[in-house]
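Quick one: dock chain against chain with the hints and give me the complex.
If you read the protein sequences in the order shown, they are chains R and P.
Its first residue numbered 1, the first sequence is counted upward by one per residue in this note's numbering.
Its first residue numbered 112, the second sequence is counted upward by one per residue in this note's numbering.
Everything labelled a hint here was simulated from the structure, so no lab data went into it.
Watch out, some of these pointers could steer you wrong.
[As the list claims (entries may be wrong)] Once the Cα atoms are required to be at most 30 Å apart in a straight line, the calculated BS3-like pairs of lysine-lysine come out as:
no., chain 1, residue 1, chain 2, residue 2
1, P, Lys182, R, Lys1
2, R, Lys68, P, Lys168
3, P, Lys125, P, Lys194
4, R, Lys103, P, Lys194
5, R, Lys103, P, Lys168
6, P, Lys120, R, Lys68
7, P, Lys194, R, Lys42
8, P, Lys194, P, Lys120
9, P, Lys125, R, Lys68
10, R, Lys1, P, Lys125
11, P, Lys120, R, Lys42
12, R, Lys42, P, Lys125
These figures come from a predicted structure and were not determined experimentally.
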Amino acid sequence: KQEVTQIPAALSVPEGENLVLNCSFTDSAIYNLQWFRQDPGKGLTSLLLIQSSQREQTSGRLNASLDKSSGRSTLYIAASQPGDSATYLCAAPYGNNRLAFGKGNQVVVIP
Amino acid sequence: DGGITQSPKYLFRKEGQNVTLSCEQNLNHDAMYWYRQDPGQGLRLIYYSQIVNDFQKGDIAEGYSVSREKKESFPLTVTSAQKNPTAFYLCASSRRGQPNQPQHFGDGTRLSIL
Chain R
1 KQEVTQIPAA
11 LSVPEGENLV
21 LNCSFTDSAI
31 YNLQWFRQDP
41 GKGLTSLLLI
51 QSSQREQTSG
61 RLNASLDKSS
71 GRSTLYIAAS
81 QPGDSATYLC
91 AAPYGNNRLA
101 FGKGNQVVVI
111 P
Chain P
112 DGGITQSPKY
122 LFRKEGQNVT
132 LSCEQNLNHD
142 AMYWYRQDPG
152 QGLRLIYYSQ
162 IVNDFQKGDI
172 AEGYSVSREK
182 KESFPLTVTS
192 AQKNPTAFYL
202 CASSRRGQPN
212 QPQHFGDGTR
222 LSIL
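Pulled out of the complex, with its shape left as it was, chain P reads as follows (with noise of 0.2 Å):
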């Protein structure tokens, strides 16, 4: 079955540590996306990419890193700099294009601060 895999389910950081989230989407999508969700927020777009070796800042993208050197696969570093690292991310993909193409989401990493 077609899907996105995101690993770790939950993951802890330690102060002043970069920790990486891992991404794996088999839909053959050329864009993929890493959201910021909060609780009682809505999502909030940190990187995407609409193509390997290609990405764009999102709203939030201060803190944290990204690369694509394959196309299934958008790993997320989040780094000492993000002061704040505590929340669930989501990873996505989509076919590239207008009109916009339907999202598909993983099932999410949850990070913490030990």
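Chain R extracted, bound-state conformation (with noise of 0.2 Å):
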């Protein structure tokens, strides 16, 4: 089965900032990966789709990458604001149409 991790589980940056954050996971077959905001109290926001074979993604100020080798992805957002302050969820296929979620990374850009 599919295992994510996400590390660390909570981060603040002052606004202005880049942040990095960092996804794990077991089983590298993979087709894609998905990130994930989820403000509090409300559902998930899908952010970015990775394709395997694109390796990197882009969507405004965020960017993020996947290496299949080493069953990392990672989330870049450039110049952090306080409206980026969330949880985000990084999330690895498995089975059939199957989604393994990480635990999140709680966020706080600090204005």
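Right under this line is the structure:
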């Protein structure tokens, strides 16, 4: 079964700094990996889906990379803003259309 | 706008009572999923359905039941056999097929014990 780990569990950064969030997964036989954002008491919002053939995906200030061989993905958020404060979840697929989730990186951007 | 609607937003259960959480989607997705989220934990899969009239147990199905009579709807019943039902429940949907398709989520239902 797929196991997903996200470290650190929580981090705080001053506004304007770049954020680097790490995700590791145990089964590297994946076609893609998905990053989500979750605000307190809310559902998940899909941020980026990286295909294994792409290795990198960008959307605005967000950039996600995927290295299957090492079982790692990284989410970069450039020039962080207070509105980026949220929990970021990484999810890797396994089985038949199933996702394994990490516990998330809880981010606080300090104004 | 297409999306997933979960209701109610908050739900309270008495001892010995069954409660049903609603999940409706108008994305024309074949696959639907139910997850449970506890504080500081990742999402855990309860049940999923790849097609109408078919569903499979996830990792923590005990004490829960589902039905999939319509493509748009995938209700979850939390039965009295679920001894620790307090959690945040999330419903998701996706297209079916390989490679795995991205999942889209509703806003969740928070269930508490009275």
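30 Å Cα cutoff - pair Lys125 (chain P), Lys194 (chain P): 11 Å, holds
CA of Lys125 (chain P) to CA of Lys68 (chain R), is that 30 Å or under? Measuring from Cα to Cα gives roughly 47 Å; hence the hint is violated.
Is it true that the CA of Lys42 (chain R) sits at most 30 Å from the CA of Lys125 (chain P)? Cα-Cα ~24 Å, so holds.
When you check the alpha-carbon spacing of Lys194 (chain P) and Lys42 (chain R), does it fall within 30 Å? 24 Å, holds
Please work out if Lys120 (chain P) and Lys68 (chain R) have their alpha carbons no farther apart than 30 Å. Violated, because 38 Å separates the two Cα atoms, which is more than 30 Å.
Pair hint Lys120 (chain P) and Lys42 (chain R), alpha-carbon separation not exceeding 30 Å: OK: Lys120 (chain P) and Lys42 (chain R) at ~10 Å, within 30 Å.
Is it true that the CA of Lys68 (chain R) sits at most 30 Å from the CA of Lys168 (chain P)? Distance ~28 Å between Lys68 (chain R) and Lys168 (chain P) Cα, so the pair holds.
With the threshold set at 30 Å, check whether the alpha-carbon distance from Lys182 (chain P) to Lys1 (chain R) stays at or below it. 28 Å, holds
For Lys103 (chain R) and Lys194 (chain P), compute the direct alpha-carbon distance and say whether it is at most 30 Å. Within the cut-off at roughly 23 Å; holds.
Is the Cα-Cα distance between Lys194 (chain P) and Lys120 (chain P) 30 Å or less? 21 Å, holds
30 Å Cα cutoff - pair Lys103 (chain R), Lys168 (chain P): Holds: Lys103 (chain R) and Lys168 (chain P) sit about 21 Å apart, inside 30 Å.
30 Å limit on alpha-carbon distance, applied to hinted pair Lys1 (chain R) and Lys125 (chain P): 35 Å, violated
In the structure shown, a violation is registered for the earlier hints numbered 6, 9 and 10, in ascending order.
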